[in-house]
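Undergrad: If you want the building blocks of each chain, they are given just below.
There are 2 protein chains.
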Amino acid sequence: MNELEIAVAPMYRLCKKARAERVSEAAAKELAKALEDIGVKIAKEALDYAMYAGRKTIKAEDIEIATRKVTGKLFFDYY
Amino acid sequence: MNELEIAVAPMYRLCKKARAERVSEAAAKELAKALEDIGVKIAKEALDYAMYAGRKTIKAEDIEIATRKVTGKLFFDYY
Numbered sequence: 540m541n542e543l544e545i546a547v548a549p550m551y552r553l554c555k556k557a558r559a560e561r562v563s564e565a566a567a568k569e570l571a572k573a574l575e576d577i578g579v580k581i582a583k584e585a586l587d588y589a590m591y592a593g594r595k596t597i598k599a600e601d602i603e604i605a606t607r608k609v610t611g612k613l614f615f616d617y618y
Numbered sequence: 540m541n542e543l544e545i546a547v548a549p550m551y552r553l554c555k556k557a558r559a560e561r562v563s564e565a566a567a568k569e570l571a572k573a574l575e576d577i578g579v580k581i582a583k584e585a586l587d588y589a590m591y592a593g594r595k596t597i598k599a600e601d602i603e604i605a606t607r608k609v610t611g612k613l614f615f616d617y618y
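Residue numbers (the numbering used here), protein chains in the order written: chain A, 540 to 618; chain B, 540 to 618.
Honestly, the hints are just simulated from the structure, not real lab data. Just so you know, not all the hints are guaranteed correct.
Treat identical chains as interchangeable: a pair holds within one or across any two.
[Unchecked claim] Straight-line C-alpha distance at most 27 Å; calculated DSS-like pairs for lysine-lysine:
#1 598 <-> 583
#2 595 <-> 568
#3 568 <-> 556
#4 608 <-> 572
#5 555 <-> 572
Just chain A, with the same shape it has in the complex (with noise of 0.2 Å):
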């Protein structure tokens, strides 16, 4: 079993804020996974960043410009 960093309550409040009336368990749980495993990959991408500026220390800038990257920036002009 994969355990999951991202808890699966939060879940369902997050689709509530979608405007999604109900929610089944098992999407709430297809959510928490697909964001633990989108938050690995901008973690990745930042930490490369923040190699490339000489630092071992992830900065919130450098989750700014990784998570664009990863989503592409026309997500965050359309959202």
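For chain A, the structure is supplied; the task is to place chain B on it using the hints.
TA: Chain B only, in chain A's frame:
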């Protein structure tokens, strides 16, 4: 203040999974915020798919296709 649904503590563990040695607190918060935004975006897309399929309940399959749409299929091919 924006209240985040996703906890900050697990963000450090996601960064460890990405082989990061050190992560600033601001970076961990930024990652939680980014994943929350992405999560709501995925949930909105998933709700669209559920409604298109004549359901009010978001299922795991809706989350799967919504995740591919939001992140771009290329991300998963690459990852």
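Undergrad: So, for every hint listed, does it hold in this structure?
TA: Here's how the hints hold up against the structure:
no., hint, in the structure
1, 598 <-> 583, "within (13 Å within a copy, 29 Å between copies)"
2, 595 <-> 568, "between (32 Å within a copy, 18 Å between copies)"
3, 568 <-> 556, "both (17 Å within a copy, 19 Å between copies)"
4, 608 <-> 572, "both (20 Å within a copy, 16 Å between copies)"
5, 555 <-> 572, "both (18 Å within a copy, 17 Å between copies)"
Checked against the numbered hints listed earlier, the structure breaks none of them; every hint is satisfied.
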